[in-house]
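Protein chains in written order, with my numbering: chain W, 1 to 191; chain L, 1 to 385.
Just so you know, the hints here were simulated from the structure itself, not pulled from any lab data. Don't take each hint at face value.
Below, in silico cross-link-like pairs of lysine-lysine (DSS-like), each with a Cα-Cα straight-line distance of 30 Å or less [to be verified]:
no.: 1; chain 1: L; residue 1: LYS196; chain 2: W; residue 2: LYS36
no.: 2; chain 1: L; residue 1: LYS281; chain 2: W; residue 2: LYS94
no.: 3; chain 1: W; residue 1: LYS175; chain 2: W; residue 2: LYS94
no.: 4; chain 1: W; residue 1: LYS158; chain 2: L; residue 2: LYS2
no.: 5; chain 1: W; residue 1: LYS32; chain 2: L; residue 2: LYS369
no.: 6; chain 1: L; residue 1: LYS235; chain 2: W; residue 2: LYS32
no.: 7; chain 1: W; residue 1: LYS36; chain 2: L; residue 2: LYS357
no.: 8; chain 1: W; residue 1: LYS95; chain 2: L; residue 2: LYS284
no.: 9; chain 1: W; residue 1: LYS36; chain 2: L; residue 2: LYS310
no.: 10; chain 1: L; residue 1: LYS196; chain 2: L; residue 2: LYS184
no.: 11; chain 1: W; residue 1: LYS94; chain 2: L; residue 2: LYS369
no.: 12; chain 1: W; residue 1: LYS94; chain 2: L; residue 2: LYS244
no.: 13; chain 1: L; residue 1: LYS366; chain 2: W; residue 2: LYS94
no.: 14; chain 1: L; residue 1: LYS244; chain 2: W; residue 2: LYS36
no.: 15; chain 1: L; residue 1: LYS339; chain 2: W; residue 2: LYS36
no.: 16; chain 1: W; residue 1: LYS175; chain 2: L; residue 2: LYS41
no.: 17; chain 1: W; residue 1: LYS32; chain 2: L; residue 2: LYS184
no.: 18; chain 1: L; residue 1: LYS2; chain 2: W; residue 2: LYS36
no.: 19; chain 1: L; residue 1: LYS235; chain 2: W; residue 2: LYS36
no.: 20; chain 1: W; residue 1: LYS32; chain 2: L; residue 2: LYS339
no.: 21; chain 1: L; residue 1: LYS157; chain 2: W; residue 2: LYS95
no.: 22; chain 1: L; residue 1: LYS244; chain 2: L; residue 2: LYS288
no.: 23; chain 1: W; residue 1: LYS95; chain 2: L; residue 2: LYS184
no.: 24; chain 1: L; residue 1: LYS357; chain 2: W; residue 2: LYS95
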Amino acid sequence: MAENSLIEICFHGRGGQGAVTAANILAAAALKDGNKGVQAFPFFGAERRGAPVRAFARIANEEINLRSEVYNPDIAIVLDEGILDIVDVVGSLKKDGVILINTEKKPGDFDFSKKFRVATVDATAIAIKHDILVGGIPVVNTPILGALPRILDRVTLKSIREIILERWGGETGEKNARATEDAYKSVEVNF
Amino acid sequence: MKVVIDTGNYIAARAAMMAKPKVVAAYPITPQTTIVEGIAKYVENDELDAEYICVESEHSAMSACIGAAATGVRTFTATSSHGLLLMHEMLHWAALARLPIVMCNVNRAIGPGWNIWCDENDSIAQRDTGWLQFYCSSNQEVFDTVIQAYKIVENEKVLLPAMINLGGFILSHTSLPVRIPEQKEVDEFLPPYEPKWRLDVNHPITHGNIIFPDDYYKIRYNMQLAQDNSRKIIKEVAREWREKFGTYHGDLVEEYRCDDAELVILAMGAIGAEAKVAVDKIRKNGLKVGLLRIRAFRPFPEEEIIGMAKKCNKLLVIDRNISVGNEGALAGETRACLKDRVEDANVYGFIAGLGGKDVTYIDIEKMCKMVIDGKAGRVEWYGLG
C-alpha cells in the first residue's frame with residue numbers, strides 16, 4: 001500500500017451522537033467515489049450515552065489490510081467541542097493533519113490553530129435549522145460530514161448525499177442531505 | 001455481483017441468508033448479537049424462508065440445530081465466548097452425530113475479568129470437538145467461507161459441522177466492502193442439501209443409541225477420516241469459488257510473499273491481515289519475511305506447515321490464545337507437527353492480543369525484529385508491560 005494513499009480519520013463524539021454512523025456513511029461514500037479500500041469501525045469499547053467515544057474510518061486506493069486502531073489520524077472530526085477539554089485530540093494528530101470541529105467559533109479562536117490546520121462548522125445550528133432532532137437533541141453527525149469534502153478531496157458531497165438518501169428515505173433523508181449542503185457552504189478554514 | 005459495505009456480523013448474516021438454511025436457532029451475546037438480529041430480520045421480511053427459533057440458551061441453540069439437522073435440513077447458528085462454552089457438550093454431539101451444521105463464532109475473551117473483546121480462547125477450547133474450524137481475516141472472507149462451509153460439510157466424505165470464526169469487534173463491528181454474488185449464482189454453487197439419512201416418522205430408524213466399544217472406536221476413527229477428507233474438499237471448494245466468483249483467500253492456508261522468505265509469520269484471524277502490512281513494511285527494509293495465514297485450524301494444515309518449514313526454517317507463530325500450562329495453541333501444534341519431520345526448524349511462539357489488546361503491524365514488526373536479532377525465546381508474551 002502506497003503510504004500516501006491511506007487516509008485515517010478519527011471521529012470524536014459522545015455516546016449517542018452517531019460517531020459510528022458518521023464513520024460508516026463516510027466509508028460508504030468514499031467507496032462510491034472509487035476508493036477501493038475503505039473501512040469504518042467503532043473504538044472497541046463499551047459505549048455509554050454521553051461519554052466520550054471514538055469511531056474511525058480509513059480510505060485508500062487499495063484493499064486495506066490494517067485491522068488495528070487508528071492512533072495518529074490525518075483528520076480528526078470533533079462532534080462536540082467540549083471533548084477538546086477532556087481528550088487530547090490534537091496530540092495524536094499527524095503533523096500535517098486537519099481538525100474539523102463542530103463549533104460556533106472560528107478556526108483562529110483555537111490556540112492550536114497556530115500549529116494545526118483547523119476547519120470549523122456550526123453543525124449544531126445547521127441541525128436545528130433543518131429540524132434534525134432526536135429526542136429534542138440536534139443530530140450533528142450527518143451535517144458535519146458535509147464539511148469534509150472541503151478538506152478531503154477523496155470524497156464528494158454528491159456521494160455523501162446519496163448514501164444519506166439511501167439509508168434514510170423520505171423527508172428524514174432529504175433534511176439530512178440538505179444539512180450537509182449547508183455545512184459544505186459554511187465551513188471555515190485557517191489554511 | 002454487487003459491492004456492499006457492511007460489518008462482519010451483518011455480512012455473516014447475509015451469507016447465512018443466501019445459503020438458505022431451513023432452521024436458525026440462536027441466542028444473542030455480545031459481540032455476536034447483530035448476526036442473529038440480521039437473520040431474524042431476514043426471516044421477518046420473508047427474505048429467508050426459515051424457522052427462526054428463539055431459544056433460552058446457547059446449549060438449547062445447538063440442541064435445536066442438532067435436532068433440525070437430523071431431520072435433514074440445512075441449519076445455522078452463531079455465538080461467542082461464554083455462549084460457545086455453554087454449547088460445548090452439544091458441539092461434541094453435533095460432530096459425533098455427523099451433522100453438517102454451520103456456525104459463526106465471534107471470537108471473544110472469557111471471563112472473569114469481564115471482557116467483550118477479541119480473543120481466540122473460546123474457539124480454541126473447542127478444538128477437540130470434531131468441528132472444522134476456520135479463522136477469517138476480512139468480511140469478504142467471512143461471506144465466502146460461510147457459504148463455502150456448507151458445501152464442504154455437506155459433502156458425504158465430510159459430514160461434520162463447521163465453525164467460522166471472526167474477531168470480536170475487529171471484524172464483527174468493522175465495515176468493509178464485500179462483493180456479493182446474485183442469489184441465483186449462490187444457488188448454483190450451493191444446491192439444496194440432500195442428506196444421506198434423516199429422521200422421518202414415516203421411515204423410523206434409531207439414532208444416537210447405545211453403542212459398544214468396538215463400534216464407538218470406529219465412529220471416532222471415521223470422524224478422523226472425515227477431517228482428513230475435508231482437506232481435499234476445502235481446496236476444491238475454494239478453487240471452485242474463485243473460478244465462479246473471483247475471490248480467493250487461500251484454502252487451508254494463505255501464503256503471502258513466502259517464496260524467498262527467511263522468516264515466516266504464522267497467524268490466524270484478523271492478525272493475519274495486519275501481518276501483511278508488517279511483511280510489506282519489513283520487506284521495504286530488505287528483510288525477507290513472509291506470512292503463512294492459517295485459515296483452517298481443524299483440519300490442521302500439517303502438510304502446508306511442514307512444506308513451509310522445509311523452505312524456511314524460522315517460523316514466528318502469533319497466538320491470540322493460550323493453552324495455559326503449555327503455550328499458544330498454534331505454536332504448540334506447529335512444533336508438534338514439525339518434530340521429527342523437519343530437522344532444524346525453529347518455532348518462536350508469541351502470545352499477543354489476549355482480551356482484545358490491539359496487535360498493530362508495528363507490534364508484528366517488533367516481533368520479527370526480536371527473532372531476527374536472536375532475542376526471541378521459545379515463548380514470548382508480547383507487550384505484557
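Inset, instruction - Assess, step by step, whether the Cα of LYS244/L is no farther than 30 Å from the Cα of LYS36/W, and give holds or violated. - result: holds (21 Å)
Legend entry - Proposed proximity, LYS94/W with LYS281/L (alpha carbon, max 30 Å): Holds: LYS281/L and LYS94/W sit about 19 Å apart, inside 30 Å.
Legend entry - Satisfaction of hint between LYS184/L and LYS196/L, Cα-Cα up to 30 Å: holds (25 Å)
Legend entry - Satisfaction of hint between LYS36/W and LYS196/L, Cα-Cα up to 30 Å: Distance of about 44 Å is beyond 30 Å: violated.
Legend entry - Holds or violated: LYS2/L to LYS36/W, with C-alpha atoms at most 30 Å apart: holds (14 Å)
Legend entry - Proposed proximity, LYS36/W with LYS339/L (alpha carbon, max 30 Å): violated (43 Å)
Inset, instruction - Verify the proposed pairing of LYS175/W with LYS41/L, using a straight-line Cα cut of 30 Å. - result: Roughly 27 Å between the alpha carbons, so the hint for LYS175/W and LYS41/L holds.
Inset, instruction - Starting from LYS94/W, check that the Cα of LYS244/L is at most 30 Å away, please. - result: Not OK: LYS94/W and LYS244/L at ~43 Å, beyond 30 Å, violated.
Inset, instruction - Assess, step by step, whether the Cα of LYS32/W is no farther than 30 Å from the Cα of LYS184/L, and give holds or violated. - result: holds (25 Å)
Inset, instruction - Mind checking the alpha carbons of LYS357/L and LYS95/W for me, to see if they're no more than 30 Å apart? - result: holds (26 Å)
Legend entry - Restraint status (C-alpha distance of LYS36/W to LYS310/L at most 30 Å): violated (37 Å)
Legend entry - Hint consistency between LYS244/L and LYS288/L [alpha-carbon to alpha-carbon, up to 30 Å]: Not satisfied, since the Cα-Cα distance of roughly 34 Å exceeds 30 Å.
The structure fails hints 1, 3, 5, 6, 9, 12, 15, 20, 21, 22 and 23 (numbered hints given earlier, in ascending order).
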